[in-house]
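Protein chains in written order, with this note's numbering: chain A, 1 to 555; chain B, 1 to 555.
These are calculated hints, taken from the structure and not from any lab test.
Some hints could be false.
Put simply, identical chains are the same to the list, so a pair is met inside one copy or across any two.
Unchecked claim - Here are the simulated SDA-like cross-link-like pairs (lysine to any residue), alpha carbons at most 20 Å apart as the crow flies:
no., residue 1, residue 2
1, K232, R79
2, K38, E173
3, K58, F116
4, K24, I103
5, K214, D344
6, K58, Q115
7, K370, P240
Number of protein chains: 2
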Amino acid sequence: MRAVSQCILFLINISLIAPTDTFKILIATDVHLGYLEKDAIRGSDSYNTLDEILKCAKTNQVDFILLGGDLFHENKPSRRCLHSCITMMRNYCMGDSPVQFSILSDQTVNFNTTQFPWVNYQDENLNISIPVFSIHGNHDDPTGSEGLCALDLLSASGLVNHFGHSHSVDKIEISPILLQKGSTKLALYGLGSIPDERLYRMFVNNQVTMLRPKEDQDDWFNLFTIHQNRSKHGPTNYIPEQFLDDFLDLVVWGHEHECLIAPSRNERQLFYVTQPGSSVATSLSPGEATKKHIGLLRVKGRKMNLQKIPLKTVRQFFIQDVVLADYEDRFTPETPQVNKKVEDLCYAKVLEMLEEAERERLGCPMTPEKPLIRLRVDYSGGFEAFNTSRFSQKFVDRVANPKDIVHFLRRREQKEDIKGIKLVKTAAAEGLRVEDLVKQYFEAAEQKVQLSLLTEQGMGKAIQEFVDKDEKDAIEELITYQLEKTQRHLQARGVITEQDIDTEIQRFRESKKNTTEEEDEIREVSAAIIKYFHTSSTHTEMHICFKVVLANCDS
Amino acid sequence: MRAVSQCILFLINISLIAPTDTFKILIATDVHLGYLEKDAIRGSDSYNTLDEILKCAKTNQVDFILLGGDLFHENKPSRRCLHSCITMMRNYCMGDSPVQFSILSDQTVNFNTTQFPWVNYQDENLNISIPVFSIHGNHDDPTGSEGLCALDLLSASGLVNHFGHSHSVDKIEISPILLQKGSTKLALYGLGSIPDERLYRMFVNNQVTMLRPKEDQDDWFNLFTIHQNRSKHGPTNYIPEQFLDDFLDLVVWGHEHECLIAPSRNERQLFYVTQPGSSVATSLSPGEATKKHIGLLRVKGRKMNLQKIPLKTVRQFFIQDVVLADYEDRFTPETPQVNKKVEDLCYAKVLEMLEEAERERLGCPMTPEKPLIRLRVDYSGGFEAFNTSRFSQKFVDRVANPKDIVHFLRRREQKEDIKGIKLVKTAAAEGLRVEDLVKQYFEAAEQKVQLSLLTEQGMGKAIQEFVDKDEKDAIEELITYQLEKTQRHLQARGVITEQDIDTEIQRFRESKKNTTEEEDEIREVSAAIIKYFHTSSTHTEMHICFKVVLANCDS
Chain A
1 MRAVSQCILF
11 LINISLIAPT
21 DTFKILIATD
31 VHLGYLEKDA
41 IRGSDSYNTL
51 DEILKCAKTN
61 QVDFILLGGD
71 LFHENKPSRR
81 CLHSCITMMR
91 NYCMGDSPVQ
101 FSILSDQTVN
111 FNTTQFPWVN
121 YQDENLNISI
131 PVFSIHGNHD
141 DPTGSEGLCA
151 LDLLSASGLV
161 NHFGHSHSVD
171 KIEISPILLQ
181 KGSTKLALYG
191 LGSIPDERLY
201 RMFVNNQVTM
211 LRPKEDQDDW
221 FNLFTIHQNR
231 SKHGPTNYIP
241 EQFLDDFLDL
251 VVWGHEHECL
261 IAPSRNERQL
271 FYVTQPGSSV
281 ATSLSPGEAT
291 KKHIGLLRVK
301 GRKMNLQKIP
311 LKTVRQFFIQ
321 DVVLADYEDR
331 FTPETPQVNK
341 KVEDLCYAKV
351 LEMLEEAERE
361 RLGCPMTPEK
371 PLIRLRVDYS
381 GGFEAFNTSR
391 FSQKFVDRVA
401 NPKDIVHFLR
411 RREQKEDIKG
421 IKLVKTAAAE
431 GLRVEDLVKQ
441 YFEAAEQKVQ
451 LSLLTEQGMG
461 KAIQEFVDKD
471 EKDAIEELIT
481 YQLEKTQRHL
491 QARGVITEQD
501 IDTEIQRFRE
511 SKKNTTEEED
521 EIREVSAAII
531 KYFHTSSTHT
541 EMHICFKVVL
551 ANCDS
Chain B
1 MRAVSQCILF
11 LINISLIAPT
21 DTFKILIATD
31 VHLGYLEKDA
41 IRGSDSYNTL
51 DEILKCAKTN
61 QVDFILLGGD
71 LFHENKPSRR
81 CLHSCITMMR
91 NYCMGDSPVQ
101 FSILSDQTVN
111 FNTTQFPWVN
121 YQDENLNISI
131 PVFSIHGNHD
141 DPTGSEGLCA
151 LDLLSASGLV
161 NHFGHSHSVD
171 KIEISPILLQ
181 KGSTKLALYG
191 LGSIPDERLY
201 RMFVNNQVTM
211 LRPKEDQDDW
221 FNLFTIHQNR
231 SKHGPTNYIP
241 EQFLDDFLDL
251 VVWGHEHECL
261 IAPSRNERQL
271 FYVTQPGSSV
281 ATSLSPGEAT
291 KKHIGLLRVK
301 GRKMNLQKIP
311 LKTVRQFFIQ
321 DVVLADYEDR
331 FTPETPQVNK
341 KVEDLCYAKV
351 LEMLEEAERE
361 RLGCPMTPEK
371 PLIRLRVDYS
381 GGFEAFNTSR
391 FSQKFVDRVA
401 NPKDIVHFLR
411 RREQKEDIKG
421 IKLVKTAAAE
431 GLRVEDLVKQ
441 YFEAAEQKVQ
451 LSLLTEQGMG
461 KAIQEFVDKD
471 EKDAIEELIT
481 YQLEKTQRHL
491 QARGVITEQD
501 IDTEIQRFRE
511 SKKNTTEEED
521 EIREVSAAII
531 KYFHTSSTHT
541 EMHICFKVVL
551 ANCDS
């Protein structure tokens, strides 16, 4: 049933699809290879799905594969991860089928991260049947003084064509790869992940240019791949679609995990945006529960058609919300044994999802048996959270994530009694998001002459001034905000190794002597430290923890 | 001068070298790619030399390259390291020159670590001009549940043929790659690094078999590559040459860093052994100061010729010993300003080495400018060590290792007054090495019912019982001994990740409750912890440090 449900979603007057003039492109993004690879149940999920994607490309005899970033989940993928990726690509993307398009642009400009600056299928030592073109994402972004990313290992091996890597921080010139198949001309633009705030500012300052072919500009189908926030995570913490040039025909938007692959038309810019979404759920949020697809894009002349292909190997994910206060006909916080009743309700809800999962899975042998299940329980109004570990036990054989099925939360409006509510209220009234508030807070703080070290404790204090300590999301959002802000700093300075952090801490100490001049410095350094707390492995965290403590002791 | 000094070292009646019947094999080992790669001066040394080696193979139009292990210095090479290696191999080993030998053996047996179990040059999707055959060393050995090593990434990419990986711990069957070029038949045996003590025991127990072709056994030239201790590091901590089958013609011995590439004949086994040595100095010991070479091996029929080729990119390394007591005509410990006189002497010695280095470097543009210099100063007899940091300052612009030029040491026989001297004396009398003593010590300790946790402190105590605390070498040797012993345990258990260590610590705690039964366990676990202290990155060290402290607190 599912296998034949590949519906043609989008069709603009392609009267006749002549294969020799039509580009067939497999579109996927955010494969996150290696995600949770040590998990006993889910460890192979990301691998199985990359295998499915590549196999699908081969079966459909596509001209090329286009990946929108985050092929790897970890910046430094494990050996297993690299090995599997290399093996799969060698298996599926090498072979005798001839590649039927040519490249007209200057390839030394297009492929500027390798000593082999030409498309892999034109390398006379490699027999490539399906070229893969990929930009990097924020997970697998370039690091170190060499500015290399995991993708560059595949690129050096000749298995991937890494493009869209901008080396300048002042100016971005996106030079398209110009492809021609028969009479169809395709200009492929790409921009690897850049911290959103920096890119936002660069767009505002006209520092981003998309170059265009000199001749026959109107003959080209213009395809752009980007890996940024599409939804607004903060006032300048995303890329508004209208920033993108209106000569574009289609934007393939990576980074956002929700599958919104059906092209949506931007009526202002008159281009379409397709958001394929991740091919593995890396969080248990509603966006990841949308059925996952990849796309088969056909381009002939300036016309296109995007066929969505459901992924069969993706683990099912069901999410439901329960508001306990809505069940007053069955129980209130005062009802005897209310906890038991709440637990029974949750149990029934989970069973319901499990049954739905089972029905859907019928006849889909490639779908993993145990689904992901998330029940969000709003226990505002005096209810208590029950013991989730006992609850988990009941589903240990049926659910892929038994330990975190239930997530208790309280609605924000319940917190009348909490310090800082005024700010939150103001925010709600003005339509501001928590991040905006955080930004306001920091902007106010910038006026002060004395700035305290924003260690995790300092951070905690800051946020306690306007939201409750238990409000985990707010803290996360604050950190996210600081992270984005810091990324510029880190990238500009090339802060990568421990040694770099030492240097930064040194700078920080010195800057403390000149607080009036060096306020920004302190904040940036602190944020850098915090970034490492939250984005690095346990080892690094501990290491930095040491350093911060030392820095505090000494100063 | 140096360039033309490639002398023919070894020639057995090769009356006429007909190219079509003669295998030309470039032999190198212990490239240690990535060694000190973050060092400002020496960071590119290992990269430059691999480049030289590969270029040399291409210039000499060899049939293949044979590497004896430790291509990579780190088990998990950095991105730069992998990227450079892939790039260089793709540059030098791919191309149109046809490979002129064929493979007669079952390649699925020979290349058992890849999903592409055939020699890379026969892969129809790769255009290989120089196949590289490599075993793994102890630095780049397989780890993790997948048993993959860094070499396997290159192998998956089709750039290296990784062979000699034995997957069994009970039985090793070495099946040769059978190569034929014209009338010459070459049986290529390989055995990737295995902990010496384990392999020693397996040899003793007849668990190691070298398979031979069924037909025409006498027609084959039998070449074996091994990566083990050749010099005796302990009674069973090396592989005696006589353990190896006497049907062999030539053994290429990796792991030992001293270049002893001229084949030496083992008169008992009637085979030859060549020890190419490392291509980069990874320690400042005398063995590394020997001029470094790679070999060009020609094999025709059962005859061979090994031409040694000096490496031009290797950083010069000079080492000298000074015994202060030998200068009694110039000073004694009582001489006024003796420290200054000693320092002047050392200064003169270093200058002497620097001048020698400069002379030798004349006309060698590929040799790095700053040499490695080591002056070992024996200050026994009442002399004092002088301030080396001031001394270093004088050579900071001329020496590649200014910080550790001078190494002070005291001769063992001077330590009459030191606790434990009896044991050392006995050892000297019986011709035993320190490691043997350590072994005796531990064997005695095994008799005891109560065993204390061998943390670093415990280790320190143990060694203090028979040698002075200042005797750094002894401590190092003890650790080395324990490491080798532990490797078996680690490999058998697959202890790789932090989680594994947690499990091991758990076992250790439990085993404390059953000391009589679990003595070995405790020692092994402790050694495992110690191994991590000494072989891992700073992060891991600190992490384990935490764990050990916690383990101690809890128990």
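If the cut is 20 Å between Cα atoms, do K38 and E173 qualify within a copy, between copies, both or neither? neither (40 Å within a copy, 32 Å between copies)
Quick one: K58 to Q115, C-alpha cut-off 20 Å, is that within a copy, between copies, both, or neither? between (28 Å within a copy, 19 Å between copies)
Pop the pair K232 and R79 into one bin, within, between, both or neither, using alpha-carbon distances up to 20 Å. For K232 and R79, the Cα distance exceeds 20 Å both inside one copy (36 Å) and across copies (34 Å).
Tell me, please, which holds for K370 and P240 at an alpha-carbon limit of 20 Å: within, between, both or neither? For K370 and P240, the Cα distance exceeds 20 Å both inside one copy (38 Å) and across copies (54 Å).
Tell me, please, which holds for K24 and I103 at an alpha-carbon limit of 20 Å: within, between, both or neither? within (15 Å within a copy, 40 Å between copies)
Reference check for the pair K58 and F116, CA-CA at most 20 Å: within, between, both, or neither? Between copies, since 19 Å is at most 20 Å while 25 Å is not.
Reference check for the pair K214 and D344, CA-CA at most 20 Å: within, between, both, or neither? neither (68 Å within a copy, 72 Å between copies)
Violated hints, in rising order: 1, 2, 5, 7; the structure is consistent with all others.
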